[in-house]
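Here the protein sequences come in this chain order: A and B. According to my numbering, the stretch in the first sequence is residues 1 to 130, in order. According to my numbering, the stretch in the second sequence is residues 1 to 126, in order.
To be clear, the hints were calculated from the coordinates, so they are not data collected in a lab. Where hints are given, some of them may not hold.
[Unchecked claim] From chain B, some residues computed to sit far from chain A (all C-beta separations above 12 Å):
(1) Thr2
(2) Leu3
(3) Arg4
(4) Trp23
(5) Gln26
(6) Pro62
(7) His63
(8) Val66
(9) Ala70
(10) His96
(11) Ile98
[Said to hold, decoys possible] Stretch by stretch, here's where chain B covers chain A in the computed footprint (C-beta under 8 Å, at least three residues):
(12) 44 to 55
(13) 93 to 102
(14) 115 to 124
Glycine included, each C-beta is placed from N, C-alpha and C at the ideal position.
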Amino acid sequence: MSNRPLSPHLQIYRPQLTSVLSITHRATGVALSVGTVILLYWLQAVARGPEAYAAAQALLGFWMVKVALVGWTWAFFYHLCNGIRHLFWDAGKGFELSTVYASGYTVLGASAVLTLLTWAYVLAAPGGAA
Amino acid sequence: MTLRSSLGRVKGLGSAKEGVHHWRHQRLTAIALVPLALWFAVSLLCKVHADHATVVAWIAAPHVTVLLLALSLGLFWHLKLGLQVVIEDYVHSPFHQIVAQILLRAFAGLGALLAVVSILKISLGS
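My request is simple: use the sequences and hints to build the entire structure.
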């Protein structure tokens with residue numbers, strides 16, 4: 001009884017765009033939750049004063065942290081775009097299979113483009129190369 | 001035949017014991033967070049290499065203080081609701097379940113408080 005297979009049987013279940021986007025919504029939600037620690041760290045550094053703020057800015061400018069921030073930016077835009085997709089479903093709209101796939105690809109494209117635009121702006125902004 | 005009372009049914013208290021409360025709050029915070037998060041992301045981008053005084057002056061403006069407080073409360077409430085379901089789905093032992101749920105509430109509560117206190121400290125001056 002305890003070894004009963006659970007559905008969906010992930011070992012033999014072929015992933016589709018719909019299920020992959022669904023679990024990605026959850027995964028990005030978890031990643032963003034972890035990322036709030038960075039946000040809180042930055043916010044309390046502003047509250048502490050100029051020295052703490054400078055230290056926080058230096059840490060956030062470190063390249064490994066920057067790479068994590070790029071991933072976090074994508075998670076943010078993905079969760080935002082796909083969250084809007086979910087809100088349409090909650091309103092009872094967009095359930096036709098063709099619409100579900102079209103909105104899914106739109107979310108993937110929009111989150112990638114928004115992430116690229118954001119980091120192009122950050123790196124091009126005055127002082128950005130530092 | 002059902003053993004459930006009419007009142008229990010009409011309040012929607014199914015096996016989750018809480019009706020649609022969780023679902024509704026998750027959607028309400030999601031709707032609130034769409035404009036708040038977009039505004040915050042754009043604002044942060046404009047301050048990406050700003051000095052301390054600029055950031056403090058921005059946060060201290062009354063409308064920014066209010067929006068940041070709203071964002072903090074909505075964000076950590078949405079975070080709590082979302083992670084609560086993830087833990088309910090993936091943590092199977094009852095003991096680990098309750099420990100994880102308590103830790104989640106501690107993190108979300110303390111996170112919201114730290115955000116609110118930091119914002120107010122900046123806005124009202126140390």
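- Message: Quick check for students: does the CB of His96/B sit more than 12 Å from each CB in chain A?
- Response: Label holds. Min Cβ-Cβ 17 Å, cutoff 12 Å.
- Item | Given as non-interface: Pro62/B, which should sit over 12 Å from chain A by C-beta | The claim holds: Pro62/B sits with its nearest Cβ about 17 Å from chain A, beyond 12 Å.
- Message: So is the stretch 93 to 102 of chain A in contact with chain B by the C-beta rule, three or more residues under 8 Å, or is the coverage claim wrong?
- Response: violated (count 0)
- Message: A cut-off of 12 Å on Cβ-Cβ distance, and Trp23/B was said to be off the interface with chain A. Does that hold?
- Response: The claim is violated: Trp23/B sits with its nearest Cβ about 9 Å from chain A, within 12 Å.
- Given as non-interface: Ile98/B, which should sit over 12 Å from chain A by C-beta: holds, 19 Å
- 8 Å C-beta test of the stretch 115 to 124 of chain A against chain B, three or more residues: holds (count 3)
- Over 12 Å to the closest beta carbon of chain A is the bar; see if Thr2/B clears it. Check passes; 27 Å lies beyond 12 Å.
- Beyond 12 Å from every Cβ of chain A: is that where the Cβ of Val66/B lies? About 16 Å separates Val66/B from the closest Cβ of chain A, which puts it past 12 Å; holds.
- Task: Compute the least Cβ-Cβ separation between His63/B and chain A, then decide whether it is above 12 Å.
- Result: Label holds. Min Cβ-Cβ 18 Å, cutoff 12 Å.
- Check the non-interface label on Leu3/B: least C-beta distance to chain A beyond 12 Å or not. holds, 26 Å
- Query: Checking C-beta pairs, does the stretch 44 to 55 of chain A have three or more residues closer than 8 Å to chain B?
  - Reply: Three-residue rule met by the stretch 44 to 55 of chain A, so holds; n is 7.
- Task: Hey, is Ala70/B genuinely clear of chain A, shortest beta carbon separation above 12 Å?
- Result: For Ala70/B, whose nearest Cβ neighbour in chain A is about 15 Å away, the distance exceeds 12 Å, so it holds.
Against the hints set out earlier in the document, violations occur for numbers 4, 5 and 13.
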